[in-house]
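Colleague: So the chains spell out like this:
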Amino acid sequence: MGIRIKNVNKSFGKHLVLDDVSLEIKDGGFVSFLAPTGAGKTTLLRIIAGLERPDKGQGKVFYDDVDVTDIPVRERNIAMVYQDFINYPSMTVYENIASPLKVSKNKMSEKEIDKKVREIAELLSLSDLFKHYPSETSGGQQQRIAIARALVKDTKYIFLDEPLANLDYKLREELRGQLKETFSYNRKGLIIYATADPLDALILSSHVGFLHQGKILQYDILDKIYNYPQYIEVASYFSNPTMNFLGANLVKENDDYFLKITDELKVKIDSKFKNKLDKREYLLGIRAQAINPNRQTKNDVIIKGIIELVEVVGSDTEIHFKYNDFRLLSLSKKIGSFKIGNLVELFIDPSQFYVFDKDTRRLVYRMVGEK
Amino acid sequence: MASIEFKNVSHSFEIAEGKDKLEWAVKDMNIVWEDGTANALLGPSGCGKTTMLNIISGLLTPSKGKVYIDGKDVTELSTRERHISQVFQFPVIYDSMNVYNNLSFPLVNMNFPKSKIKEKVMKIAEILGLVDYLDAPSSKLNSAEKQKVSLGRGIVRDDTVGILLDEPLTVIDPKLRGELRRQLKMIQSELKITAIYVTHDQHEALTFADKVAIVKDGQLVQIGSPYDLYYNPASPFVGYFIGSPGMNILDAKLNGSTLSLNGFKIELSKDITDKMEIKNSECQLGIRPEEIITSKERTTETISIKVAIIENMGSYKILTLIKKNGSNRDLSIKTRIDIDMSVSKGDIVYLKFPEKYLKIFKDNHKIY
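As they're listed, the protein sequences go chains A and B. Read the first sequence against our numbering and you will find it ends at 424, with the numbers running on by one and no gaps. Read the second sequence against our numbering and you will find it ends at 1307, with the numbers running on by one and no gaps.
Please note that a few of the clues may not be correct.
[As the list claims (entries may be wrong)] Ranges of calculated distance between the beta carbons of each label pair, as one might list FRET restraints:
hint, chain 1, residue 1, chain 2, residue 2, range
1, A, S188, B, F1029, 19 to 27 Å
2, B, V1282, A, K109, 46 to 54 Å
3, A, G192, B, L998, 37 to 45 Å
4, B, K1114, A, P142, 40 to 48 Å
Worth flagging that the hints you see were computed from the coordinates, not collected in a lab. Quick caveat, the model's predicted, so the values are computed rather than measured. Backbone N, C-alpha and C define an ideal beta-carbon position, used for all residues, glycine too.
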């Protein structure tokens, strides 16, 4: 049981936003649609929810194998949370949370409604705010009220469209942890979450679908898509911060094969992978976390770079540096003291390289191999 | 460029309204922004940072105190006379002009010779990465490029003493924001502009500035490098605000050398107790999630606590740990662990707080 979409196309004017998208999502998960702005994730979510229709005759949406393509959204048993915090300004927090139950067709008694509202409010830490109006609460609280209204209905499907995007970073950090906790609570249906933030996808999801130019490039369980991104586009975007890419040539020295980036930086190819490599040039990807100012493993290769920029992100430091002609990114733990223009010694863990085909842009293999 | 200074600057909007009881938007601030440095004012919305900016630029005259530029009192001077340039949230450019004319506009107004104008505009365009767009109508630029033109119009003049950037990334397309954030920093470090960047975003402030002033409720809470703010927060607020997740701030009670927390005790060494003037008091213990040692093995000096939430951050995990404590408030602690350490919700883990990373606060101030 779950949601299935089949050959969905959607255009706005001449612009094709979704290009023949098919996907089957099984119940019981938390699915993220991850993509940069403009890739079609919100449109896909809205089509699944019934807020948009696929282009005429171009695609179907099924809930539990029932074709719902032409069923209006209010007749579907779903809840939706938007980027903007939408609550009723003239109702108290309590009334806001209770409102979906009061208008529901399945009439509940006041007592049942009260029990349900309190249960959900407790889960989202809103119990102390019952008598307040939404305008008297913070942005994070307003979004939690909107989420409470979605949860209280006990619908099988809940859709969230970038609910954290409009919050500043401390609130986002707090609410993300709370969402994870909230949605692990007693749920049998399915949650679909559209986001442009790779961290949201990493922290919250059981499955991730990555969209690129109106197509789903990869859909997998979280562990698989993060550790084995099948395309350069997926690897680059679904890394936090973005992945480094370096061109490398396949060379033979004595009896061993290497992927050579520079004279000092070459990666030995395990014989079991040799047969996968039949081209001369490849693109090697490595996450910023695997390039570090401190030694990580005994096999680390040391390179020297010139610091071009230092960014502080949360409790980490991103060092942008130039190595030969490559502009690379290293992520180091804690907030360091690095000066622009200085030479820095960095350690690269060669087992963390991903080998990509430059032409097809597909993953050939990952050095460390299947776990 | 020049240095900018506040001496005992206070401002209340209610003086003008003639109210008796005053609320201070800015309270008795003393701060120097040195010539050629990158600075930030960081704080939550409503903290007074925009009022500070308006006092620097001359849009507001402070109720009390003085503003100096290179040691000269400018408190009574108008915005025009101060030569401070400002970049706002929304790019301010002339849409009807091309990029070249936008950049040259301030110089044309000052009657610069044409050849000199060209030389200066070309130099600025090169630094801003706008050389290829000089002939383009400004309306065709994307939001990040427009914002760079706004900045360029300020730095093209030699008599500009400083640049104020007021949340300059807010309306920039998210896809372009990261790139512009990096470019602003590079431009500042190349040109050695005296710059003050106002934001509520930790990432932007700590990336841009060598010196960050944290502002809360109209007061300076702390001024320091990103490194200082991270390692030596002067108050629980700074500890929590800088870093992600923020510093754990735990209620505690100090009795001689014993620090009692909700459900466990820490013995402090003489090194620490000697440095503290206060010996017996309610206080708060601060420790960063990444400094706590989390283990699955019990040893002496560890506390046991239950895993409530696990957040996988890709290269590490953040645990939210909760210890129920009878009728008292639950103890909630966040820690950062290696990605390879396997834990499940409901597991018991053991924590050790290395002494060298402990901070102790009382009444919102650091006492150790």
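Colleague: Hint by hint, note whether the structure agrees.
Modeller: Hints, one by one, checked against the model:
1. A/S188 to B/F1029: 19 to 27 Å: holds, 25 Å
2. B/V1282 to A/K109: 46 to 54 Å: Once the Cβ atoms are compared, 51 Å apart, the range 46 to 54 Å for A/K109 and B/V1282 holds.
3. A/G192 to B/L998: 37 to 45 Å: Distance hint for A/G192, B/L998 is violated at roughly 27 Å.
4. B/K1114 to A/P142: 40 to 48 Å: With a Cβ separation near 32 Å, B/K1114 and A/P142 fall outside 40 to 48 Å, so the hint is violated.
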